[in-house]
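Taken in order, the sequence shown gives residues 809 to 866; the numbers are from this note's numbering.
Hints are not guaranteed to be accurate.
[As the list claims (entries may be wrong)] Cβ-Cβ distance ranges computed for the label pairs, FRET-style: (1) Glu-851 <-> Leu-820: 43 to 49 angstroms; (2) Ile-823 <-> Leu-845: 28 to 34 angstroms; (3) Gly-830 <-> Glu-854: 34 to 40 angstroms; (4) Arg-850 <-> Gly-830: 27 to 33 angstroms; (5) Tyr-848 <-> Ser-815: 46 to 52 angstroms; (6) Ser-849 <-> Lys-828: 29 to 35 angstroms; (7) Trp-832 <-> Asn-859: 39 to 45 angstroms.
Worth flagging that the hints you see were computed from the coordinates, not collected in a lab. Think of the CB as a built atom: it goes at the ideal place given N, C-alpha and C, for glycine as much as any other residue.
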Amino acid sequence: MGAEGFSSYEKLVGIKFIEKVGKWIAYALIIFGLLSLWVYSREKNEKEKQNVEIQKPI
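Using the sequences and the hints given, assemble the complete structure.
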């Protein structure tokens with residue numbers, strides 16, 4: 809928790825900053841992945857509906 813494990817304050821600040829940025833990048837990638845799965849499932853369902861309409865003309 810403190811700066812005991814670091815040889816300088818600058819390294820501590822740099823590593824803390826990198827950790828924060830990395831955490832936000834990870835959150836962004838998780839959200840992007842979930843949105844991609846959602847879009848994929850919508851397109852898949854839409855394609856299946858089109859196939860059913862083509863196979864069963866009214």
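Worksheet item: Which numbered hints does this structure break?
Response: none
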